[in-house]
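Peer 1: Chain residues, written in single-letter form:
2 protein chains.
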Amino acid sequence: MTTEASISCTSTILTPAGNSEVEEQLAIETPYTISLNEIEIGASMVLPVGLEEFGVGFLFGQGYLSDPKEVKEVIVCPEGKISVYADVDEDVAPKDVIITSGCGGTGKIPRDMLEGKIDAPLETSLSFADISVFIRTVLHRSTLGPMTHCVHGCGIWSEGKVAAFYEDVGRHNAVDKIMGAILLGKASPRGAVYTTGRLTSDMVLKCARMRIPIVMSRTAPSTLGLAIAQRAGITLAAYARPERLNVFCNPNRISN
Amino acid sequence: MTTEASISCTSTILTPAGNSEVEEQLAIETPYTISLNEIEIGASMVLPVGLEEFGVGFLFGQGYLSDPKEVKEVIVCPEGKISVYADVDEDVAPKDVIITSGCGGTGKIPRDMLEGKIDAPLETSLSFADISVFIRTVLHRSTLGPMTHCVHGCGIWSEGKVAAFYEDVGRHNAVDKIMGAILLGKASPRGAVYTTGRLTSDMVLKCARMRIPIVMSRTAPSTLGLAIAQRAGITLAAYARPERLNVFCNPNRISN
Numbered sequence: 003m004t005t006e007a008s009i010s011c012t013s014t015i016l017t018p019a020g021n022s023e024v025e026e027q028l029a030i031e032t033p034y035t036i037s038l039n040e041i042e043i044g045a046s047m048v049l050p051v052g053l054e055e056f057g058v059g060f061l062f063g064q065g066y067l068s069d070p071k072e073v074k075e076v077i078v079c080p081e082g083k084i085s086v087y088a089d090v091d092e093d094v095a096p097k098d099v100i101i102t103s104g105c106g107g108t109g110k111i112p113r114d115m116l117e118g119k120i121d122a123p124l125e126t127s128l129s130f131a132d133i134s135v136f137i138r139t140v141l142h143r144s145t146l147g148p149m150t151h152c153v154h155g156c157g158i159w160s161e162g163k164v165a166a167f168y169e170d171v172g173r174h175n176a177v178d179k180i181m182g183a184i185l186l187g188k189a190s191p192r193g194a195v196y197t198t199g200r201l202t203s204d205m206v207l208k209c210a211r212m213r214i215p216i217v218m219s220r221t222a223p224s225t226l227g228l229a230i231a232q233r234a235g236i237t238l239a240a241y242a243r244p245e246r247l248n249v250f251c252n253p254n255r256i257s258n
Numbered sequence: 003m004t005t006e007a008s009i010s011c012t013s014t015i016l017t018p019a020g021n022s023e024v025e026e027q028l029a030i031e032t033p034y035t036i037s038l039n040e041i042e043i044g045a046s047m048v049l050p051v052g053l054e055e056f057g058v059g060f061l062f063g064q065g066y067l068s069d070p071k072e073v074k075e076v077i078v079c080p081e082g083k084i085s086v087y088a089d090v091d092e093d094v095a096p097k098d099v100i101i102t103s104g105c106g107g108t109g110k111i112p113r114d115m116l117e118g119k120i121d122a123p124l125e126t127s128l129s130f131a132d133i134s135v136f137i138r139t140v141l142h143r144s145t146l147g148p149m150t151h152c153v154h155g156c157g158i159w160s161e162g163k164v165a166a167f168y169e170d171v172g173r174h175n176a177v178d179k180i181m182g183a184i185l186l187g188k189a190s191p192r193g194a195v196y197t198t199g200r201l202t203s204d205m206v207l208k209c210a211r212m213r214i215p216i217v218m219s220r221t222a223p224s225t226l227g228l229a230i231a232q233r234a235g236i237t238l239a240a241y242a243r244p245e246r247l248n249v250f251c252n253p254n255r256i257s258n
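For the record, the sequence lines run as chains V and L.
Residues in the first sequence are numbered consecutively from 3, following my numbering.
Residues in the second sequence are numbered consecutively from 3, following my numbering.
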């Protein structure tokens with residue numbers, strides 16, 4: 003079986019007792035170049051699904067885009083190019099960038115974003131009934147995850163439903179796709195993000211810059227991920243399960 | 003408890019039935035700038051352990067270093083700078099880079115490395131007795147992994163033992179530290195790498211450029227990770243366990 007995002011492949015299981023063959027599904031990792039108003043900004047490895055959202059979210063992560071009103075058009079060329087056209091000044095490249103620690107893709111963040119002022123998040127509250135539906139829906143939609151063991155998923159809950167969900171070989175790319183979906187008007191940022199990946203600095207920073215009030219992960223934050231959440235006033239929840247959250251700051255947005 | 007690589011932190015466990023407090027250990031993620039012969043090459047988020055190895059391995063990953071004989075001195079400044087001095091031409095910056103998909107740090111690879119010629123790997127063979135000791139030793143040494151759930155580990159087996167092992171918030175950084183250990187003469191590349199992280203393109207490419215013959219992961223490869231292993235003639239093994247390997251190419255180096 004081959005899907006738009008995975009390829010079937012034979013592998014050999016070796017054990018001391020003997021060998022056997024098995025079919026495996028591999029997640030597709032392929033390079034895409036992202037341009038803004040015909041100027042090439044960068045190239046990234048990506049799972050080739052949700053590429054319009056990825057292109058816009060990538061440019062948001064790098065500091066080129068910040069508002070849905072800026073984005074005019076996105077054209078994806080399957081040979082490996084995402085062209086974003088936006089009403090912004092594309093020659094303001096970040097000068098001093100830090101390469102990110104995390105699994106995922108955008109790869110670098112401008113240092114001034116890490117240290118600069120962050121606007122307060124939008125306000126919302128989330129009940130355990132919502133959290134349960136959110137996490138179960140995301141895990142149910144994640145077909146590629148259990149099939150390839152090589153992708154992370156990321157979803158956003160807003161206006162009482164899972165408004166968007168994406169997978170990618172990079173946990174950062176999956177977050178970028180959510181940011182792109184918001185900038186393309188497909189989801190509201192007034193809600194909660196859930197990721198299967200770890201919450202390192204760049205993961206949390208992107209959510210903070212988008213003013214998303216609640217950020218949840220199936221697993222752990224790093225020290226810098228937590229520090230950014232504290233500075234931004236975000237609710238940061240780790241080890242998120244349908245009936246259990248491990249909240250590191252601002253638990254007040256979670257209700258019973 | 004606070005270690006050189008983790009910080010203790012109180013978090014609140016929320017459930018529909020009520021709240022409680024718990025102590026958690028968070029992995030430290032902090033930015034370090036890497037310079038080569040006093041010229042700043044980049045900055046990366048990193049777990050502050052094995053920083054000499056990381057600085058050297060980072061420069062290897064970016065294409066600035068390739069041979070142990072080149073490295074002259076490494077000075078780590080705890081305020082956030084790794085200064086590498088080497089007998090190389092530091093102004094040959096890669097022109098056309100691709101941001102990597104993966105969890106970890108080096109963040110970008112020159113496009114010509116992805117497409118260019120790769121030298122054949124060194125030759126070795128590995129028995130299941132070795133594999134069992136290798137994987138059990140690495141998992142036993144990974145203290146930060148089970149404590150923080152926020153790091154990946156990477157080890158190299160050569161000359162009949164685990165010659166080096168590192169952890170990092172980024173799976174790529176942990177591989178970079180192994181590459182640095184090899185370039186600093188602490189381990190031979192004629193052996194096998196085991197990582198707890200996924201084998202995306204940059205993970206495999208670094209091992210291929212170092213001519214490491216066997217690359218194993220606790221989890222899965224991506225399509226491009228496998229393609230590079232095939233092109234380089236590397237043995238690529240996924241879902242590696244003490245008595246079971248799922249080998250995608252070149253199984254001949256594994257013996258019973």
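Warning: the hint list may mix true and false statements.
[As the list claims (entries may be wrong)] Simulated pairs of lysine-lysine, DSS-like, Cα-Cα distance not exceeding 30 Å:
(1) L:K71 to L:K83
(2) V:K119 to L:K83
(3) V:K163 to V:K71
(4) L:K74 to L:K163
(5) L:K119 to V:K83
(6) V:K71 to V:K119
[What the hints assert, rightly or not] Covered stretches of chain V (chain L as the covering partner; in silico rule of three or more C-beta atoms under 8 Å from a C-beta of chain L):
(7) 80-90
(8) 244-251
[Claimed, not checked] Counterexamples of contact, computed for chain V against chain L with all Cβ distances above 10 Å:
(9) T32
(10) P70
(11) R138
(12) T139
(13) T150
(14) G187
Simulated from the structure, these hints should not be mistaken for laboratory data.
Where a beta carbon is used, it is the ideal one built from N, C-alpha and C, also for glycine.
Peer 1: If you draw a straight line from the CA of K71 of chain L to the CA of K83 of chain L, is it 30 Å or shorter?
Peer 2: OK: K71 of chain L and K83 of chain L at ~23 Å, within 30 Å.
Peer 1: Say whether it holds or is violated: T150 of chain V keeps its Cβ farther than 10 Å from all Cβ of chain L.
Peer 2: violated (6 Å)
Peer 1: Is K163 of chain V close enough to K71 of chain V, meaning Cα to Cα at most 30 Å?
Peer 2: With a Cα-Cα distance of about 24 Å, the restraint between K163 of chain V and K71 of chain V holds, given a limit of 30 Å.
Peer 1: For G187 of chain V, is the shortest beta carbon distance to chain L beyond 10 Å?
Peer 2: Per Cβ check, G187 of chain V is outside 10 Å of chain L; nearest 26 Å; holds.
Peer 1: Are all C-beta atoms of chain L more than 10 Å from that of P70 of chain V?
Peer 2: About 24 Å separates P70 of chain V from the closest Cβ of chain L, which puts it past 10 Å; holds.
Peer 1: Would you say the stretch 244-251 of chain V counts as covered by chain L, given the rule of at least 3 residues with C-beta under 8 Å?
Peer 2: holds (count 6)
Peer 1: Counting residues of the stretch 80-90 of chain V whose CB is closer than 8 Å to a CB in chain L, do you get three or more?
Peer 2: violated (count 0)
Peer 1: Is the nearest CB of chain L more than 10 Å from the CB of T32 of chain V?
Peer 2: It is violated; T32 of chain V is separated from chain L by about 7 Å at its closest Cβ, not greater than 10 Å.
Peer 1: Once the closest CB in chain L is found, is it more than 10 Å from T139 of chain V?
Peer 2: holds (18 Å)
Peer 1: Given the proposed pairing of K119 of chain V with K83 of chain L, does the C-alpha separation stay at or below 30 Å?
Peer 2: holds (24 Å)
Peer 1: Please verify whether K71 of chain V and K119 of chain V have alpha carbons no more than 30 Å apart.
Peer 2: Holds. K71 of chain V to K119 of chain V sits at ~22 Å (cutoff 30 Å).
Peer 1: Is the Cβ of R138 of chain V farther than 10 Å from every Cβ of chain L?
Peer 2: holds (15 Å)
Violated hints, in rising order: 7, 9 and 13; the structure is consistent with all others.
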